[in-house]
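*Asks:* Okay, here's what each chain looks like letter by letter:
4 protein chains.
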Amino acid sequence: MEDGLEIKVRAAYVDTDQMGFVHHSNYVKYLEYARWEWFRFMGLPYKTIEENGILMPVVDMQLHFVKPIYYDDLISIDLEVKLVGAARLKFDYGLYNEHGQLLHSAQTILAFVKKSTKRPCRVPDAISSLLSQFDLKISAFSITV
Amino acid sequence: MEDGLEIKVRAAYVDTDQMGFVHHSNYVKYLEYARWEWFRFMGLPYKTIEENGILMPVVDMQLHFVKPIYYDDLISIDLEVKLVGAARLKFDYGLYNEHGQLLHSAQTILAFVKKSTKRPCRVPDAISSLLSQFDLKISAFSITV
Amino acid sequence: MEDGLEIKVRAAYVDTDQMGFVHHSNYVKYLEYARWEWFRFMGLPYKTIEENGILMPVVDMQLHFVKPIYYDDLISIDLEVKLVGAARLKFDYGLYNEHGQLLHSAQTILAFVKKSTKRPCRVPDAISSLLSQFDLKISAFSITV
Amino acid sequence: MEDGLEIKVRAAYVDTDQMGFVHHSNYVKYLEYARWEWFRFMGLPYKTIEENGILMPVVDMQLHFVKPIYYDDLISIDLEVKLVGAARLKFDYGLYNEHGQLLHSAQTILAFVKKSTKRPCRVPDAISSLLSQFDLKISAFSITV
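Protein chains in written order, with this note's numbering: chain D, 1100 to 1244; chain V, 1100 to 1244; chain L, 1100 to 1244; chain E, 1100 to 1244.
One chain only, chain D, in its complex shape (with noise of 0.2 Å):
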């Protein structure tokens, strides 16, 4: 985990279904607030991008469901970043809980569109100089985000 970055979500009522543990339409929700809050803690909000004309679809997810997340459990999210050619971004996702188990593993690949547009475009300046900046953090403090 990124210098003091630490990605915590905890699991809602309304996130259960009648099984009695989270519905797995939820866990959705959980991934894409742990890439905003990476996101953040970067200096770049997810909400900057959107008001510099970028939207930042998903556009392809993988969700293995290892152990069940329950009501009020509070769960860490690992998360991995790494740029897919010149018009892709890839995050790869730990789910552990207070024991460090890992619940849930995932994958989600994000494009770039241009808001006005709604056509796909490469990759922002300010993102890929965000992630060679964080490449070489990661090289520096040889550390997995």
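Any given hint might turn out to be false.
Identical chains share a label here; the pair holds if one copy fits it or two copies do between them.
Quick list of in silico lysine-lysine cross-link-like pairs, DSS-like style, CA-CA up to 25 Å [what the hints assert, rightly or not]:
#	residue 1	residue 2
1	1217	1146
2	1107	1128
3	1107	1213
4	1128	1213
5	1214	1107
6	1214	1166
7	1128	1181
8	1217	1189
9	1166	1128
10	1146	1166
11	1146	1128
12	1166	1213
13	1166	1217
14	1189	1128
If you're looking for bench data, these hints aren't it; they were derived computationally from the structure. Note that the structure is a prediction, hence the values are computed from the model and not measured.
Based on these hints, arrange chains V, L and E on the given structure of chain D.
*Replies:* The following block gives chains V, L and E in isolation, referenced to the frame of chain D:
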């Protein structure tokens, strides 16, 4: 119920919570579904209203939970629509199970907002004429929608 | 706000709709979050209540939408809790933006139901004593939670 | 599509986000809807399965977003069902607009879990016989569900 309009919604699995019935927040979605189906039936889909530059946000809602709704229940929704002043639309809803028992009653008040300015505006002509035509129908047939 | 309890919620991207602000159904989740955080703060997490065989379904709610909540807004939620008769709990909520402007006010009434029988029951002792202890606190400090 | 089964879902307003189309998490609900409608059509509603003591949690899902789904779009969902080993059920989905264009493809894998013990179990006889009967149908009619 207006000549031939029957609004039915089936409670989805994702709508339940660990109490074993539909979570109270999901009723709000059923009400939204019901009012847009009513507009569609009246020949003025909400999509068309938005395409004509008008948004209709909810400004007030009251929900009364009488009996639980369970997964897979098929619910009938009755609604009554009234103009309130020059700029608000009031919907009253009744949700019934297949035995005709009242499960839920609700009221929502919607405003009219110009999409371009995000400022409140008066009821659009298309909607007020739809409602007056609809009042005629009601008086002619002596029915409550 | 009760000594040190600050309930804050950040509007998630998934909570918005195509009007460009938070969909009215999602406020219901913010209210739920606020009341369970209040119970946690008071030393009686809702999870514990359920583990002791009591469910607390919402039986009535009223929501008044004053100003929109936008994506990524950080919202402060004030709440006031009162016992209503012997079997209902009433919560009044105020949602404020970072400038202290009221965005939303709401009221929810919750019943107590035995998990085993799904029948209504009186307020559990743990909750009434929590509330009476809490009233003492209020009178002592002359504050509104 | 199996003799007469047409699974259609209409994109709800609440399903959209501020990008102006359906949020990626809501596709997960459409898939759930489709598979339970398929079970209902085959004479074995998922509700009945749960009433017989079996839960079917999703253990893996993959979603590929091809084109956006907009508010009020009427989507057709095709699905293909296969038993995987003795204890998993795989669904492949295709979501199409009214012009027959593929908007989305997905795959979900479901396990079987005993409600009483919350432990995994083999595919229940009722489901395997439904699937074998269904394979006969397929070979007889040479169609893909």
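*Asks:* Would you mind marking each hint as holding or not holding in the structure?
*Replies:* Consistency of the hints with the structure:
no., hint, in the structure
1, 1217 <-> 1146, "both (17 Å within a copy, 20 Å between copies)"
2, 1107 <-> 1128, "both (13 Å within a copy, 18 Å between copies)"
3, 1107 <-> 1213, "neither (31 Å within a copy, 31 Å between copies)"
4, 1128 <-> 1213, "within (23 Å within a copy, 27 Å between copies)"
5, 1214 <-> 1107, "neither (30 Å within a copy, 30 Å between copies)"
6, 1214 <-> 1166, "between (38 Å within a copy, 15 Å between copies)"
7, 1128 <-> 1181, "within (20 Å within a copy, 28 Å between copies)"
8, 1217 <-> 1189, "within (20 Å within a copy, 34 Å between copies)"
9, 1166 <-> 1128, "both (17 Å within a copy, 20 Å between copies)"
10, 1146 <-> 1166, "between (32 Å within a copy, 19 Å between copies)"
11, 1146 <-> 1128, "both (16 Å within a copy, 22 Å between copies)"
12, 1166 <-> 1213, "between (38 Å within a copy, 15 Å between copies)"
13, 1166 <-> 1217, "between (38 Å within a copy, 11 Å between copies)"
14, 1189 <-> 1128, "both (16 Å within a copy, 23 Å between copies)"
Hint check: violations occur at hints 3 and 5; the rest are consistent with the structure.
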